Amino acid sequence: MKNPKVGLTKTIEWNRIMIAGTCFLIVACAFIIFAGIAQGKGPAGDISARLEPQRITLGEAAILAVNISGEQTGPPSISPVDGLRFFPMGQSSQYQSINGKISSTVSYLYQVQAEDSGNYTIPPVRANINGQIKETKPIDLRVSGPGRSKSSKATSLLPPDLKVDRQTGTSNHSPGEENQIAFLRVTPSKYRSYVGELVPIEIKAFFRQGLQATLNSLPLFSNNAFACQGLNKKPTQTEEIIDGVPYAVLTWQTAMSAVKEGEYPLSAELDAILIIPQTSRRRHQVFGSRMFDDNFFNNFFNTTREEAVKLTSSRQKMRVLPLPKAGRPKNFSGAVGRFKLWASASLKSCMVGDPITLNMTVKGDGNFDRVSSPLLTSPKGWKTYTPTASFKPADSAGYKGKKRFEQAIIPLEASIKKIPPVEFSYFNTKSEKYVTLRTKPIKIKITPDSIQAKKSSSEDATEKASLAGSSDSSDSIKTPSGLAPIHVSLGPVVNNLRPVFANPWFIGAQGIPLSFLFAGLFLGRRNRRLSNDPALVKKKYVKQKVGKSIKEMDRAIAGHDVPGFFNACRTSAQERLGEVWCQTPESITLAEVKDRLSKNAAGVRYLFENADAVAYSGQTFSQEELRQCRDLVIKELKNLKSMGGQGNEYS
Amino acid sequence: MKNVKILSFTIIAGMIALLSCVSLTSASAEQDNDQFALGNEAYAEGKYDKALSYYKGVLEQEGYSASLLYNMANAYYQKKDVGQAILHYERALYLDPGNADIQANLGLARRDSGLISRPAPDWQRFFDLLNLNWWGILASGAFGAFSLIYLLRGIRPGILKGAPFKVLTTVCLLCFMAGGTGAAMQYKNINRGVVIKDNASLLVSPFDSASSSASIKDGKIVRIAKTYRGYLLVEEVNGKSGWIKKNSVEPVVPSGKRS
Chain A
1 MKNPKVGLTK
11 TIEWNRIMIA
21 GTCFLIVACA
31 FIIFAGIAQG
41 KGPAGDISAR
51 LEPQRITLGE
61 AAILAVNISG
71 EQTGPPSISP
81 VDGLRFFPMG
91 QSSQYQSING
101 KISSTVSYLY
111 QVQAEDSGNY
121 TIPPVRANIN
131 GQIKETKPID
141 LRVSGPGRSK
151 SSKATSLLPP
161 DLKVDRQTGT
171 SNHSPGEENQ
181 IAFLRVTPSK
191 YRSYVGELVP
201 IEIKAFFRQG
211 LQATLNSLPL
221 FSNNAFACQG
231 LNKKPTQTEE
241 IIDGVPYAVL
251 TWQTAMSAVK
261 EGEYPLSAEL
271 DAILIIPQTS
281 RRRHQVFGSR
291 MFDDNFFNNF
301 FNTTREEAVK
311 LTSSRQKMRV
321 LPLPKAGRPK
331 NFSGAVGRFK
341 LWASASLKSC
351 MVGDPITLNM
361 TVKGDGNFDR
371 VSSPLLTSPK
381 GWKTYTPTAS
391 FKPADSAGYK
401 GKKRFEQAII
411 PLEASIKKIP
421 PVEFSYFNTK
431 SEKYVTLRTK
441 PIKIKITPDS
451 IQAKKSSSED
461 ATEKASLAGS
471 SDSSDSIKTP
481 SGLAPIHVSL
491 GPVVNNLRPV
501 FANPWFIGAQ
511 GIPLSFLFAG
521 LFLGRRNRRL
531 SNDPALVKKK
541 YVKQKVGKSI
551 KEMDRAIAGH
561 DVPGFFNACR
571 TSAQERLGEV
581 WCQTPESITL
591 AEVKDRLSKN
601 AAGVRYLFEN
611 ADAVAYSGQT
621 FSQEELRQCR
631 DLVIKELKNL
641 KSMGGQGNEY
651 S
Chain B
1 MKNVKILSFT
11 IIAGMIALLS
21 CVSLTSASAE
31 QDNDQFALGN
41 EAYAEGKYDK
51 ALSYYKGVLE
61 QEGYSASLLY
71 NMANAYYQKK
81 DVGQAILHYE
91 RALYLDPGNA
101 DIQANLGLAR
111 RDSGLISRPA
121 PDWQRFFDLL
131 NLNWWGILAS
141 GAFGAFSLIY
151 LLRGIRPGIL
161 KGAPFKVLTT
171 VCLLCFMAGG
181 TGAAMQYKNI
191 NRGVVIKDNA
201 SLLVSPFDSA
211 SSSASIKDGK
221 IVRIAKTYRG
231 YLLVEEVNGK
241 SGWIKKNSVE
251 PVVPSGKRS
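Protein chains in written order, with this note's numbering: chain A, 1 to 651; chain B, 1 to 259.
What the hints contain is simulated information worked out from the structure, not anything from laboratory work. Take the hints with a grain of salt, since some may be wrong.
[Said to hold, decoys possible] Label-pair restraints from in silico Cβ distances:
#1 A:Asp271 / B:Ser205: 25 to 35 Å
#2 A:Gly327 / B:Ala100: 48 to 58 Å
#3 B:Ala163 / A:Asp354: 42 to 52 Å
#4 A:Ser515 / B:Asp49: 48 to 58 Å
[As the list claims (entries may be wrong)] Pairs of lysine to aspartate or glutamate, EDC-like flavour, derived with a Cα cap of 20 Å:
#5 A:Lys392 / B:Glu236
#6 A:Lys383 / A:Asp354
#7 A:Lys383 / B:Asp198
#8 B:Lys56 / B:Glu41
#9 B:Lys217 / A:Asp354
#10 A:Lys548 / A:Asp561
#11 A:Lys638 / A:Glu552
#12 A:Lys392 / B:Glu235
#13 A:Lys543 / A:Asp533
#14 A:Lys638 / A:Asp554
#15 A:Lys363 / A:Glu423
#16 A:Lys190 / A:Glu202
Model, not experiment: these values are computed from the prediction. Beta carbons: idealized from backbone N, C-alpha and C, even for Gly.
Isolated chain A, as found in the complex:
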């Protein structure tokens, strides 16, 4: 059985949901209508223009950004200005919703270039916004004299995805390029050249931005009348805007030369695979606005397809002239261009037979592969060798650079005063004439004793060999070339040429002296430490003093100097007793000796008594007695030594 209350509650809940849903729909419709009104009749719309920088140097570009808010019916119009050129670079849109108010801003970017320096005023830029013509304020542009182009300044206003490394001034499509997503351009520096002349050439492959491309080949000339070099190098990658369309550009800066005379079409080809983004969603005008024209939406719904293409540049006529036969120098090697020549010598004075390095440098622009070594104008009296060459290019195409030649030359006569000039001939493309460059002769001082020295050294060597008792008759081996003779004895032989200190045993053997050194240093240090010990120092001092006293005793005995003898005896005993008793030696007297020494030291007492007797009463002793006394002293000193616990002998 159904409960009527439950059914009523369900009905009420359902009604509430329906009412809430209806309210939501009404609010949503109101919002959309309001938004539409707001967009259509909201802000009246505005236009502003900004130029950065407002000061440029001739050759640079400024960016003019025109910002338009509101519904405009077309791009802004810029009145032409004498001396100024405006190149459209593209546009970007921005939509904002603030407190329910939706506003759109479209920015138009123009590159502004000046044809001459001076002060310019860009007149007001006009646009039709919401049916009304609005205009900006005039903007001043100051263009100073020619300077270095700084495209980074010019690109500062560009959106982040439109950053370019380099822009060309002539940003226009050539015929046939307008609707291409990729194309190739070949731009030679000139359209008239000579056979063999190296002509700088720029090959550019343009790929519309957003495309991905894989190159299957390097650019190749479709005509075999031309040869190109340096194409294997990596091309530079830049971005350029042509007629407002951004392109990724690969550029090969290289040089080409014509191999035969005549008029030939110049064209290049390049195989590539393009990955082309495809829009899977058609653009629609449901909301009557350009909201979905924005890049974000395009990229979001895009897919890609691959397409193999052969890019071919437009054909340009190149006229190739033959090199004139008239006036062609004998030493002309095919060098065409513009060159300069320098020469220098490694020595300013030498002996006959000494080699001199002749350094020759050819610098300039042209076909360096055909630049051969300059030649000595008069090689008489000189022995010359094949020169070595090295080329240092100054550009990627190898068109400009410096080619250095090193030639060894040997003077054969002492009468030579100068190194003769060197000559180099080429065809000058500017003057269209053959030119022969000639250096100045280089002064040199040549002394004649080289051959003499050589002869004498050979003779000495021969003599030496004959003195050595050669059974091999070394002097017969001597050659006219002046070589010293061969050696007849083998001499000491080594197993290998490796240095001795590369052998492990040698390195190991160094440990022996090293250990000696450390041991010596250790012992020396120990000795120094011991020598600074006061007890040891005292002992050493006493030993010296006693030794000295004994020598004096001997001297006194020899001279029969009784007072001197006993004085020395007493001194030695005092020193020894002072050491034993740790007392000042001079303070030790007979009384103290009697008092402190036992009967065993009778000799010392006898010594002190006799010394006093000699000193005060003039008692005398024979030499024999003195000798006996000396022996007694030495004996007593030995006894005292044992008292002190130290052992030293005196004799």
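Since the structure of chain A is provided, determine the placement of chain B on it from the hints.
Frame of chain A; chain B shown alone:
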């Protein structure tokens, strides 16, 4: 009695073994000297290839000697093989730096082939008096003597003192410094090589396809800086450097097999 007999027998056997060893060695040396003499004979007859084959035999069996290398260099020079001639002169000079014959012939070979060599300054010539090994031995000996003096002084402080000690230690130090400097001066030449192929290409990178930056004459001295596969990075005296094929350059001091 029995022990005396055994001892006598051992001594006699040992002496016989020693004598046979000595005689074998001297026989081998004699044989090498014969080969060397044969090489010299062939050289005198102008048969340089034959002379070289004899010399190479001596080199393989016995080893390097300054005279052997010098004679080989002469033979190469007579064959107009400047690269090999200069290489062998350089090796001979390495063993006997002060030898006037080697210096003269090397200079002649260089001059005749247009290779410039600046004369070494006088102070540098002093260090050419001995070869690397002898400078090393001098330094080591001086160090040994110095250490011995210190050891003796440590053991007996009074044994060496005053002027004799000062003179001896000064002499030792001077010899050590001279030996060390001489060894260093000679050692800097250890990585030298001689170009043995004429007009060898100096490449910008160690690959066959690499472009050539310059050509280099045979007989030129280069410093070998690096090895990569079959290529050597070499540097000329004038600072020019590049990669060159290994078989175009021979090191003055070979590290491996005798050649």
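Exercise. Quick one: are B:Ala163 and A:Asp354 within 42 to 52 Å, going by C-beta?
Worked result: holds, 51 Å
For this session: For the pair supplied as a hint, A:Lys638 and A:Glu552, confirm whether the alpha-carbon distance does not exceed 20 Å.
Result: holds, 18 Å
Exercise. Given the hinted pair A:Lys548 and A:Asp561, is their alpha-carbon gap at most 20 Å?
Worked result: holds, 16 Å
Exercise. Going straight from one Cα to the other, do B:Lys56 and B:Glu41 come out at no more than 20 Å?
Worked result: Cα-Cα ~15 Å, so holds.
Exercise. Taking the CB of A:Gly327 and the CB of B:Ala100, does the distance hold inside 48 to 58 Å?
Worked result: holds, 56 Å
For this session: Below or equal to 20 Å on CA atoms is what counts here, so check A:Lys543 against A:Asp533.
Result: Given that 20 Å is the threshold and the Cα spacing comes to 15 Å, the pair holds.
Exercise. Are the Cα positions of A:Lys638 and A:Asp554 separated by 20 Å at most?
Worked result: Holds, at about 18 Å.
Exercise. Holds or violated: are the alpha carbons of A:Lys190 and A:Glu202 at most 20 Å from each other?
Worked result: holds, 11 Å
Problem set entry | Satisfaction of hint between B:Asp198 and A:Lys383, Cα-Cα up to 20 Å | At roughly 19 Å apart (the allowed maximum being 20 Å), B:Asp198 and A:Lys383 satisfy the hint.
Problem set entry | Hinted pair A:Lys363 and A:Glu423, Cα distance within 20 Å | Status holds; Cα separation ~14 Å.
Exercise. Holds or violated: 48 to 58 Å for the Cβ distance of A:Ser515 and B:Asp49?
Worked result: Between A:Ser515 and B:Asp49, where Cβ atoms are some 54 Å apart, the hint holds.
Problem set entry | A:Lys392 paired with B:Glu235 [C-alpha distance capped at 20 Å] | holds, 17 Å
The structure fails none of the hints (numbered hints given earlier).
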